[in-house]
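Q: Sequence:
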Amino acid sequence: MSQEFDLVVLGGGTGGYVAAIRASQLGMKVAIVEKEKLGGTCLHRGCIPSKALLRSAEVFATLKEADKFGVTAGDVGYDFAKIQGRKQGIIDQLYKGIQYLMKKGSITVFEGFGRVMGPSIFSPQAGAVRIEKENGEQEMIVPRFLLLATGSRPRTLPGLAIDGSYVVTSDEALQWEELPKSVVIVGGGVIGIEWASMLNDFGVEVTVVEYADRILPLEDEEVSKEMARLLKKRKVNIVTSAKVLPESLEKGEGRIMIQAETADGVHSFEAQKLLVSVGRQANVENIGLEATEIKVERGAVVVNEFYQTAEPHIYAIGDMIGGLQLAHVASHEGILAVEHMAGQHPHPMDYTKVPKCTYSRPEVANVGLTEKEAREQGYDVKVGKFSFKPLGKALVHGENDGFVKVVADAKTNDLLGVHMIGPHVTDMISEAGLARVLDATPWEIGMAIHPHPTLSEALMEAALAVDGKAIHN
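Start counting the sequence shown at 10; every next residue gets the next number (this note's numbering).
Just so you know, the hints here were simulated from the structure itself, not pulled from any lab data.
The hints are all genuine.
Heads up, simulated DMTMM-like pairs for lysine to aspartate or glutamate below, C-alpha to C-alpha not over 25 angstroms straight-line:
#1 402 x 74
#2 365 x 222
#3 112 x 348
#4 362 x 436
#5 96 x 45
#6 96 x 181
#7 252 x 270
#8 391 x 359
#9 365 x 448
#10 394 x 418
#11 398 x 74
Cβ-Cβ distance ranges computed for the label pairs, FRET-style:
#12 143 x 72: 40 to 48 angstroms
#13 144 x 34: 28 to 36 angstroms
#14 353 x 80: 52 to 60 angstroms
Here the structure is a predicted model, which is why all the values come from computation and not from measurement.
Every residue gets a Cβ at the ideal spot worked out from N, C-alpha and C, and that includes glycine.
All chains, please: the whole structure from these sequences, using the hints.
A: Spelled out as structure tokens, the structure:
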């Protein structure tokens, strides 16, 4: 006999397991089907391990500059095996925490590859899940609702095969036992810039080759320009408006060589490794969607504002539906989907209120519209900026590069966007996110008393600067 559940979640990543917990809170009988480990890409191959390595790189970089703090550190080095061990320890601790939450919520976890079935003797409608286990055994479970949360995987360029040795994605790079002396990174988006910053801090020679005319092309243009300036100051080689030529790749004897075409001709780049960082693609293949009415367009599952597919009892969230491929977005989508199943009438998500972060050095964070986007949408824009350079806390920390930029509507004074580059801005952006949710004005942000000395004063001053009222500008 097949087991029946109110909800089956296909995929135990951040979006999937959070949705399962919320469903359990609402009284549903819940199961998760996961082919690897709960926590998914975010915990095991993405957010957490990369930030653990970034933190070690940051500590190493700080120690190399200890003298400017009046601290004598002696000869500074690092043990990459210990760094990797610390990373794995963090992953293991968080993984145990998720397992505990599954037990606490009485959520059944099935280990195996889940495949969606069409109408059958098990269920008159599509949505039963066949679990294919490593030992060859199969099991069928039947849900009242099915939530697809199968995530994504690194994308590569046509003709540029990932071999795991010379040519890698972030998945393989996270498992390096030792760092290479030089790396060419194809792609200057969020992941590429995080790796460029980290590897540079560890002393690796880094070249970033980006197809767009600037790195971090989705950020405000001033933020992209500042990041490029600061990375170049650290001797990172940045090449933009460059089309990589996969057919030019040569590899062997511990080296790779690849060419890229720019406005002034074809250039060659040589290093020990090639790290491909050109985005991610949804995991929609071979999970049984063809047995359903679910539509897939441009590689992503089509859903409505409550994440229902063309099969109303089947929902989909996270990276597999395209859009913002962020762990916190997937989690919120999962919660809204489950609450919609339960008839709770949740409000649809406004994606312009989602904070987005890059954990490089310095950090980058934003929420809402860039200045260019706001002008293109017809807003009469006014802008306030404040640099970290005169800020007491930034000087105390020895990190005063960067700025905060606030974009507002000159007619209504509504806050349209906030863009930050500087120390710890990934923690600071939540205040701006709350301001967007509450439809606050820059004046209201500026009137909120910010403690001194703190880095958050930069947001206050930038908000006041929108109307020319910044104190320390």
